[in-house]
Amino acid sequence: MIQKIAAFQTTNFKINAKTLLRRRESGILMVLVLVSVATTLINPRFISGYGLSDLLLNTSMVGCLAVGLTPVVIARHIDLSIASATGFSAFLTAHIIVGHGWGVVPAFFVGACVGAIIGAVNGVLVAGLRLPSLVVTLGALYIIRGIDYQFANNKQFTAEKLPTDLMHLSQDKIYGVPYLFCLVLLLALFGVWWMRFTRFGRDLYAIGSNPPAADIVGIKVFSRTFFAFVWCGTLAGIAGVMYLSIYAIVDSAAFLNQELIVVTAVVIGGVNIFGGLGTIVGALLGAVLLRVLIGALVALGVAQFWQQAINGLLLLIAIGIDRILSRRSETKIERIRDERKMEIS
Amino acid sequence: MKISAKISVAVLAIATLVAIPLSSGASAAPKYKAGLKIAMISKIGNIPYFDFAMSGATKACKEIKCTVKYFGPNEGTAAAQIKLINAVVQQGYNGIMISANDKDALVPALKNAMKRGVAVTSWDSDVANAGRNIFVNQASYDGVATAMLDSVVSILGAGKKGDVGILSSTPDATNQNAWIASMAKQIKANAKYSGINVVATVYGNDDPEKSTTETQGLLQSNPTIKVIVAPTSVGIISAAQYVVAHEELKGKVIVTGLGLPTSMAKYIKDGTAQAALWNVPDIGYMSVYAVADIASKLVKTPVKAGSSFAGGTLGSRKAFIGDNGPEIILGPGIIFTPENVDSFKF
Amino acid sequence: MAQASKATTSRALFEILGAYKHFGGAIALNHADFTLRAGEIHALLGENGAGKSTLLKVLAGVHTLDGGTITLDGKPFIQGSPRMAMSQGVTVIYQEPSLFPDLTLAENVFIGRQLRNKTGINWSEMRAQAKALFDELGVDLDPSRIARGLSIADQQVVEIAKALSLDAQIILMDEPTAALTKSEVNRLMLVMRRLQEKGKSVVFVSHRLDEVFAVCDQITVMRDGSTVAQSKVSDSTINDVIKWMVGRELKDLYPKMESKIGDVALEVNGLSSASEFANISLKVRHGEIVALAGLVGSGRSEVARAIFGIDSYDSGSVKLNGKILPGGKPGISVASGLALVPEDRRQQGLFMQASVSRNIATEMLDKLAKFGLVSQRSENSLTQEWGKKLQIKYPNPKAPVDQLSGGNQQKTVLAKWFATNPDVLIVDEPTRGIDVQTKAEFHRQLSQAAASGKAILMISSELPEVLGMADRIYVMHEGRLVKELSRKDATQELIMTAATGQGRGES
Amino acid sequence: MKNIFTKIIQPQRRFRPFTWDVIIMILLVILLVFGSILNPVFLTAFNFSLMLPNIGEILLIAMPMTLLIIAGEIDLSVASIVGLSGVTFGLLYERGLNIWLAAFLGVIVGVLCGAVNGILVARVGLGSLAVTIATLALFRGFATAAMGNKSVTDFPESWTNFGYSTIGKTFLPQTYPLIIFFIILFGILTHLSIFGRRTFAIGQSVEAARFAAISVLNHKIILFILTGAMSGVAGVIYVLRISTAQYDNAMGLELSVIATALLGGVSIFGGVGTIWGVAAAAVLFGSLEALFNLQAVSPNIFTITTGTLLIGSVMIPLLLGRINRFRIDRIRENEKNAK
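Chains A, B, C and D supply the protein sequences, listed in that same order. Mapping of the first sequence onto numbering that gives the first Met the number 0: position 40 corresponds to residue 39, and the numbering continues sequentially without gaps. Mapping of the second sequence onto numbering that gives the first Met the number 0: position 13 corresponds to residue 12, and the numbering continues sequentially without gaps. Mapping of the third sequence onto numbering that gives the first Met the number 0: position 166 corresponds to residue 165, and the numbering continues sequentially without gaps. Mapping of the fourth sequence onto numbering that gives the first Met the number 0: position 293 corresponds to residue 292, and the numbering continues sequentially without gaps.
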């Protein structure tokens, strides 16, 4: 379809890639502001006081995971094991640091390593053997959670045992922005640089945009895809440590069944599920929007039982809007090529 | 009741001294079937609560020379428990003690077990009467509700008015719903609690993340809340942690509810929370005796009001017919205080 | 027959001697010779299947020769890897380039070699350089727009810019003008001249001889895998070239049979589709083979698709045996006796993973089925029946159609539609990419079908095929029917003139 | 996104590599033999009478899901449909509606949910993965909103018996005649009917299917409706089996269903799969879990095994393909040398 349209497109019709992307992200930002303002008007406590920092703290984990998942989705893959990896890393990290009496920095290091190893295994299977990522990571979802259960048994770590530094980390903030969210911003900043300003990152866009062509022009598909998975796993590991810090309790069911939430955040953020399109910033904004929406529903006192239905509806609207936007640009192209047709004949 | 318990403890102690090579259970109720195999099925296999109960069960089993094995499904659903019940029945277990994820869903599987001669007690969380021989209740629903209400009154100050929010587990949790209903009933009926104004009930699904979000929403939409009641050992930690994490809330919002002393000690000591619970190992302990009594036909089924169950060191309990068939009650709950909290190892 | 021309003085870049290449039984290159000199635009001509695409792919590093030698600038040319070809200074511009649709043009130009500074990719520099390349080529393209939605002409320009940025010495263009409009072709020609000015060599494959004569210096003509002529453009005429290209008696390849022309079977009136074609009216009678000639991209396949109902159309009507067909409903078209053998058998005509018998039975399921159930046996017997009639060679009915040769695949498509016993058969490029023998057989089948009273609408880019098979010829140009010719009036020149739009006065 | 299975080339006529669905059936037989040696109870009628109801819903939904994945789509919302139709059934029954009518309307809700998915995917043109992630939340949300913190449990005993008990003294649960009927129906539908032929065709190439005059969009909508309808049936059966209608019935079942389908040899890229393989995979799953439970192996090991099998279901065909290709190369070389 697009190919055909392309055949008739003229040079004088310009879509500026930057403005287009900017439009997508500014769109999310607008909705974000709109929802926040509206909710604050009805319930002033939503943003004021500690409301905002709560919101950012709540977003830290899903935001971190969205930043992690984005390069994988851009390369036309998916990682469904992301929530299992987070949960496992949370428990394993707790186990290791409690055992050794370690503090914050080693905790993050351990968590990142656990996640990186999981990501590397996924990466080898998907990028190395070229197995479908949906199936591989669905399998990994089960395996990691099973190992987590088996390893954790009935154990649980609570604030009592966990290092107090780590517990405090989630409470500390700079100008109302929690440290943990600052960490996410740092990771996102690195992600932006990686995905926008290195060949490595650009290759991922190319791979997701046109896989056969990526092979033809000689992109190192294996190493690029592999490291996208390692990155995703690493951030899942870091998110696991955040979990410890925020919720001060961990057992083997930590972050159970949350993988689709992360996918949802990324999709709302304008990252195309079929690869090639989207930005880290968008995904992070998507995560924030998702949490703001959940928070708004709660703060507005929307009946508990309707929240999930509303979430589903919002996601449908988000993907619907994407579709309408792409359709609108198509019809615009059609109109122009018709004008041109008349000019020719 | 109290006196009789004390007496039986005394009797037991003497019996233990007298019959050293014999187990105390044997002397108190001498005819437990040899080689009893008991399966303890929990709601879910990943929380320490059930581990502590299991420690009590193991202790009881040592006393009466039976074996007990722990089965924890890896998802907290009735469907997962059904599979375990089926497997246990086929492995030739004589007794099942189960903390049910669902009141009705397990009934067919449990009925099937009883049909094949397996003794079934429910404990911690009941199933419908048709699905078990007896329910070993940790404390009566009303009793638990009263304990929590008393705690709220102690926070608010007697006779004072105050807004209260409830953070429950899942919307369909049997125990939590019964406790919440009982609290509502008592607030209406008892002048002592008339100052308590429950403004909202939210559900944290026993998930730290959701519980935290819901606590946050609860306080945002109801800034006047002074007490959060969380009748769930997972939710109460999340609520307490949320309050601890916010300087603004310290002292203004107090959390109370049901929680394990080991995981709540920190919050109880710094004044963020109060908590009550029954003695968790004891309920496992008592349940083993109950199921062994029935499996060894020391108590005839169907259990009638007044039938006596041996309770090892805890003393015997008399069955009565509750709203949902025969049950025995372990005893009043324990209120944890900064002083006593460290003495409980569960 | 070959005319050697050694007049050119510049040094030879590519020298190919005795190139031989076969695919299974089909010989694609049969001792072909080819010489490319520095700074020339060299046309590689021939009918479809003459071997020019194969030769091009060898130079692009896609195929490796089975025999013969290639030297590049005096050194042996390393074959068999597109990357190696690129590093030896050879790039290809395909008819439909495969860019990365979500990336900007600047990035597409520099893909895998993005310009960098200390902090990472230097976007502004990259844009500037891409802009400079586009300017150099005389094309106004915004380097910061994304490639999605770009016209094919512009995509080719991006590929050419990429070739320039790689400092490629040799640029191979495989039918680049096939899908372009006249003005776009003109622009491409300007670009080619710029390349020549910069000392690059261009190999240009095209069917449009006017373009060849307008822009090229040198001509190599191929036929049946061999080189039949090498000449300077200034030394030859269009008529010479056509003679070299065709150069064969048409009789045996085009076994046209006598058939009785009956009533109108297919009648199309004023069919228009906004962007594809306008006001198409044509008739096909029972027993008649009507050709729809024209250049690739002139809208012929789109008309066929609209008639059949794959695409919907804006206005006009399609009548089959006097009954109006509803648009956009291929199921009803099939039920009313229409069949379409599409142009791309791998994508459109066949389910490549499925067995031969599944493929042949696709349209016959309703008739084969009892109570809605289809038995393998009935599918197999249908396959055997039609396999025999059309002489399809397949290992067994259960073998995936993927394993068959191109000709047998195409026969499988034909069998699928013949099995429905259609009144009207539309065939779109029926003999593209199949060997001569099968081609002849295919033509015989079409002839027989016409003789038995079927109406056939044949779309073909091969003029000999059109001339050899058709009773009547419609010529399309840029979405419109520009000429109707009878069998006896038609000549290659007349068709070409009409198809290239020269008959209607210069626009 | 082309099928990895197409890469398994087969030049020799006699060369027929094992397909995954055959492997899974062999695995099932091995498991049954091995299990009966390991545990005398395993291969008994009683054990099967207990095991079979547990996989009933998975079997029911995996059937249409197989067709859907073969056609190149996916439905993640099935478990939510199970929940919603169960809730509908329960609530309507509670309101005093005739139980047959209530069950019927429960299934109809499933049909409607399937239609919503189908229309969003085929008519509006949204990706099925994204759409059904959204409707997963939406349908479950409706169930939650409708049911709240209640549950409906007082179904008549004859009905709950249907969900759980066996037929007389046999080991076959009362639901199984229905389930087996559906397996055979879907087997016929998939492998013998025109509808099945067209489903494979669409999965292999949507474009070729359009040129073969198959109405692809309508076909996909029908597949989604079928999936919804079967989820509705499973929803009612689930309610009866656990004699409870709740908002969270069958939560998370979608991954089990998809895992079963993939394990049964259905290619995630469409165009490849058999009903028999999927049915065998479901029984394999159920038997394996039952054996693990009988042996008192931790359920965690079962979870790990599930994941491993899932990865194996794509990895082993790939390895087989590599081996086949290697063999083919050797055969070719031999032929060359012979010349």
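Source of the hints: derived by calculation from the structure; they are not laboratory data. Please read these numbers as outputs of a predicted model, since none were measured by experiment. Treat the hints with care, since some could be wrong.
What the hints assert, rightly or not - Below, in silico cross-link-like pairs of lysine to aspartate or glutamate (EDC-like), each with a Cα-Cα straight-line distance of 20 Å or less: (1) Lys225/B x Asp162/B; (2) Lys268/B x Glu159/A; (3) Lys249/B x Asp171/A; (4) Lys184/B x Asp149/B; (5) Lys249/B x Glu159/A; (6) Lys160/A x Asp341/B; (7) Lys268/B x Glu247/B; (8) Lys172/A x Asp341/B; (9) Lys149/D x Asp322/B; (10) Lys56/C x Glu174/C; (11) Lys322/C x Glu257/C; (12) Lys328/C x Glu156/D; (13) Lys482/C x Glu174/C; (14) Lys268/B x Asp164/A; (15) Lys114/B x Glu206/D; (16) Lys172/A x Glu246/B; (17) Lys56/C x Asp214/A; (18) Lys184/B x Glu247/B; (19) Lys388/C x Asp343/C; (20) Lys110/B x Asp153/D; (21) Lys187/B x Asp149/B; (22) Lys74/C x Glu124/C; (23) Lys110/B x Glu206/D; (24) Lys149/D x Asp171/B; (25) Lys160/A x Glu74/B; (26) Lys154/A x Asp269/B; (27) Lys344/B x Glu159/A.
The hints, checked one at a time:
Among the hinted pairs, Lys225/B with Asp162/B is consistent with the structure: their alpha-carbon atoms are about 6 Å apart, no more than 20 Å. Taken as a hint, the Lys268/B and Glu159/A pair is honoured in the structure, with Cα atoms around 11 Å apart against an allowance of 20 Å. The hinted pair formed by Lys249/B and Asp171/A meets the criterion: a straight-line CA distance of about 16 Å does not exceed 20 Å. The suggested pairing of Lys184/B with Asp149/B holds, with an alpha-carbon distance near 14 Å, which does not exceed 20 Å.
Restraint check for Lys249/B and Glu159/A: satisfied, since their Cα atoms lie roughly 19 Å apart, inside the 20 Å limit. Distance check on the hinted pair: Lys160/A and Asp341/B sit about 14 Å apart at the alpha-carbon level, within 20 Å; holds. As the CA atoms of Lys268/B and Glu247/B are separated by approximately 19 Å, the hinted pair is consistent with the 20 Å bound. About 33 Å separates the Cα atoms of Lys172/A and Asp341/B, which puts this hinted pair outside 20 Å; it is violated.
Only pairs whose Cα atoms come within 20 Å are accepted, and Lys149/D paired with Asp322/B is accepted, the gap being roughly 18 Å. The suggested pairing of Lys56/C with Glu174/C holds, with an alpha-carbon distance near 13 Å, which does not exceed 20 Å. Distance hint between Lys322/C and Glu257/C is unfulfilled; the C-alpha atoms sit about 28 Å from each other, more than 20 Å. Distance restraint check for Lys328/C and Glu156/D: the Cα-Cα separation of roughly 52 Å exceeds the 20 Å cut-off, and the hinted pair is therefore not satisfied.
For the hint linking Lys482/C to Glu174/C, the alpha-carbon distance of about 24 Å lies beyond 20 Å, and the restraint is violated. For the hint linking Lys268/B to Asp164/A, the alpha-carbon distance of about 19 Å falls within 20 Å, and the restraint holds. The hinted pair formed by Lys114/B and Glu206/D fails the criterion: a straight-line CA distance of about 60 Å is larger than 20 Å. Our distance criterion of 20 Å between C-alpha atoms is met by Lys172/A and Glu246/B, whose separation comes to about 12 Å.
With a C-alpha separation of about 17 Å, the suggested pair Lys56/C and Asp214/A falls inside the 20 Å cut-off, and the hint holds. Of the supplied pair hints, the one linking Lys184/B and Glu247/B is violated, its CA atoms being roughly 33 Å apart against a limit of 20 Å. Under the criterion of a C-alpha separation no larger than 20 Å, the hint pairing Lys388/C with Asp343/C is inconsistent with the structure, at around 23 Å. Straight-line distance between C-alpha atoms of Lys110/B and Asp153/D comes to about 16 Å, which keeps the hinted pair within the 20 Å bound.
The hinted pair formed by Lys187/B and Asp149/B meets the criterion: a straight-line CA distance of about 14 Å does not exceed 20 Å. With a C-alpha separation of about 36 Å, the suggested pair Lys74/C and Glu124/C falls outside the 20 Å cut-off, and the hint is violated. For the hint pairing Lys110/B with Glu206/D, the CA-to-CA distance comes to about 56 Å; that exceeds 20 Å, so the pair is violated. Pair hint Lys149/D plus Asp171/B holds up; C-alpha atoms about 6 Å apart against a cutoff of 20 Å.
A threshold of 20 Å between alpha carbons decides the hint, and for Lys160/A with Glu74/B the separation of about 25 Å lies outside it, so the pair is violated. Simply put, Lys154/A and Asp269/B have alpha-carbon atoms about 24 Å apart, too far for the 20 Å limit, and the pair is violated. This hinted pair checks out: Lys344/B and Glu159/A have alpha carbons roughly 13 Å apart, not beyond 20 Å.
Checked against the numbered hints given earlier, this structure breaks hints 8, 11, 12, 13, 15, 18, 19, 22, 23, 25, 26; the rest are met.
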